[in-house]
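Asker: If you're matching them up, the sequences are chains Y and D in order. The first sequence stops at residue 427 when you use my numbering, and every number in between is there. The second sequence stops at residue 427 when you use my numbering, and every number in between is there.
None of these hints come from the bench; they were simulated from the model. Being a predicted model, the structure only gives us computed values, none of them experimental. Worth double-checking, as some hints may not be accurate.
Remember, identical chains collapse to one label, so a pair may be satisfied in a single copy or spanning two.
What the hints assert, rightly or not - For lysine-lysine, the following DSS-like pairs were computed, each having C-alpha atoms within a straight-line distance of at most 30 Å: (1) 141 - 191; (2) 141 - 326; (3) 119 - 314; (4) 154 - 191; (5) 314 - 10; (6) 10 - 141; (7) 119 - 141; (8) 154 - 141; (9) 326 - 154; (10) 154 - 10; (11) 10 - 191; (12) 119 - 191; (13) 191 - 326; (14) 154 - 119; (15) 154 - 314.
2 protein chains.
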Amino acid sequence: MDPTNDPGLKSFVDVSPGSHFPIQNLPYGVFRPREGGPARPGVRIGDLVLDLRALEETGGFEGCARLPRGTFAAPDLNAFLALGRPAWREARETLSRLLRAGEPRSASDGSFRERLLRKAADVEALLPARIGDYTDFYSSKEHATNVGIMFRGKDNALMPNWVHLPVAYHGRASSVVPSGTPVRRPRGQIKPDDAEAPLLVPTRQLDFELEMGFLIGPGNELGRPIPVAEARDHVFGLVLVNDWSARDVQRWEYQPLGPFTSKNFATTISPWVVTLDALEPFRCAGPPQDPEPLPYLREAGDGAHDVRLEVRLKSREMDAPVAISKSNSRYLYWSIAQQLAHHTITGCNVRAGDLMASGTISGPDEGSRGSLLELAWRGTRPLSLPGGGTRTFLEDGDTVEISGWCEGNGYRIGFGECRGTVLPALD
Amino acid sequence: MDPTNDPGLKSFVDVSPGSHFPIQNLPYGVFRPREGGPARPGVRIGDLVLDLRALEETGGFEGCARLPRGTFAAPDLNAFLALGRPAWREARETLSRLLRAGEPRSASDGSFRERLLRKAADVEALLPARIGDYTDFYSSKEHATNVGIMFRGKDNALMPNWVHLPVAYHGRASSVVPSGTPVRRPRGQIKPDDAEAPLLVPTRQLDFELEMGFLIGPGNELGRPIPVAEARDHVFGLVLVNDWSARDVQRWEYQPLGPFTSKNFATTISPWVVTLDALEPFRCAGPPQDPEPLPYLREAGDGAHDVRLEVRLKSREMDAPVAISKSNSRYLYWSIAQQLAHHTITGCNVRAGDLMASGTISGPDEGSRGSLLELAWRGTRPLSLPGGGTRTFLEDGDTVEISGWCEGNGYRIGFGECRGTVLPALD
């Protein structure tokens, strides 16, 4: 086992037992101190954030041959992402050692804590990278089937291509926002079944989508596909994703070129990127694939991750959020390696910082569905909320919170949360 | 009339009568000297390129209050694009004056020519901007109808939404390349009608798409739509676009989320961005819109541009390219202002440097169709080439060249060309 994943490791930083961020995790992000100052990369540990720019400036990465000076100087992780796994491992080993209990260079050094560690509550977590392109897959068979049944009937639920390739569409990178950013209810063009002509109205069917996404590390040259066996070397880590959707807008606009304005107004991601290295102990098999995919999509070894997922909703009237969906990323039919191999099979180039999301993750049972569209079955089975009231789609003031974690033996590798509150539409 | 558009203006630079780049044009781009040195912004005039970084460094923009120092220091136009029209006009007036015949500061100054002007043949024209997001519309009614007839029959040719909103999809920004970049024939997943299962093969239906695109200037805040009346202020200028497509891949993959790998392997653009200011004398009305669009899409004044377009094909066997399509951007049903207003109606933010393309432009007659799919009517009416041979789709070694220009009185405002040669698929 990679010693940085040792369940016995302890940090000199106090990490509460249920924390998502023990020393085995060490997720990367970008933050800005609330007191002011430039944005910079950091690593989350417990309730603290380690300032990577300051650490680099004080020589903390000296001896790391694969980390050129200035790797953490920019207000994004793109330079670090582009370096690839050997450099990522070097950084991870360095940080794991530095944060370990009893480590003489830092644990007992008051000025280390003073200069380099900040309370997470005192910083604003931003987007971890400049996202060049954002792609959204459609890799949950249960989700695709549910949506297919609702819109095309049981007999044509799954399109014939679905089991042969990871269906996807290009999304909008400019409107990817970090957790906590409010989401304005969009106005859009819809056409109700009983209307003669379309209308421009605030969407009446605002929905969330429970997804996970991955950030690209080193890219490929235009014209050269990434083989499935090498795909994971191009993946830095994973985040939680909420791909907000306006279902009524989507229904009217999506033929024949797919969703456009119904998806381009906001996509929320969790700000701390959990590395594939930290997730390694939680790799597991995805669902069996039948028919067997074409050779360029055949992956040796386990391609999924056992990440428990939860969606919580809190209306204005409620005191606390309530879980409305419990799922797991292992339900995804297509793995991230298969997604990336397919994405690039035509020679499409990917670049450090690109974001690729899974599509809505729905599990096999009703309580594991990843959207209100499915949970309330297109408005026909409203969800009852504990504070009273029901939901078919999101209402103004609703907060949606996605959380995710791997359950280790005595510790969790967590993603924190991916949260957004719905603001009323503009007049 | 804006004096920079005066047809009587002459430059001290020799500009041949048929040139696309007289002093009335002054299109912006980014170039790298073939002899070496960093990429930098420039302006094209006749067969020369004016080095904007060098001009700025030598004080050429002194007195231009709206152009902060360093506007042209980066290897892209993004900073300039973000400044907006008042700054663009200031730069245009300065450049027009500087390049005018008889202008004492430059015309007779040998060292000005020496230091600031280079032969276009001695530079490599690159992408004009860092393109954050790329969107492709579907705004030619004739094209949408032709494709609809081929794939769904005459009765359902145009989807009901098409006349109510500018249909579009998000494209892939990473694979946008400048004119001259070879295009590798992609391998992709297809499923022939008579095949039991899909295959991975080099595409058998590689096609071009004749399009025009625009580059975004100042962006909007997330959550705040751009009103149609203000949309043109967010548009810097136009380029020619070839959105290469693998039709067989597209047909198999596109349902239900739209084209993905069939379009993500290459999009070629012309490198010199022709500004809306230079195109102002060539504004014209687009086709009448019936039904009348919703108020957020109603544009006062002329929204189209009279740009003559030509697609030329040259096979390996041919000595010279031959025109296979002649069209005009005025045939587009939806205007750029309508496209941008619709794109942002949900609050989607756009950013300086974003690229938005029109979708394939097909005109009313057979010779004005903008793709081989339509010109050879899905392979049923092969095109005869002058050197012998026929085409239904592109073959290895074929060069596709799109050209476009506005025909003024005694001069042309041109776009140069958008060219690419098909390389054989990798093994």
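Asker: Check each numbered hint from earlier against the structure, then list the numbers of those it violates in ascending order.
Answerer: 5, 6, 7, 10, 11, 12, 13, 14 and 15
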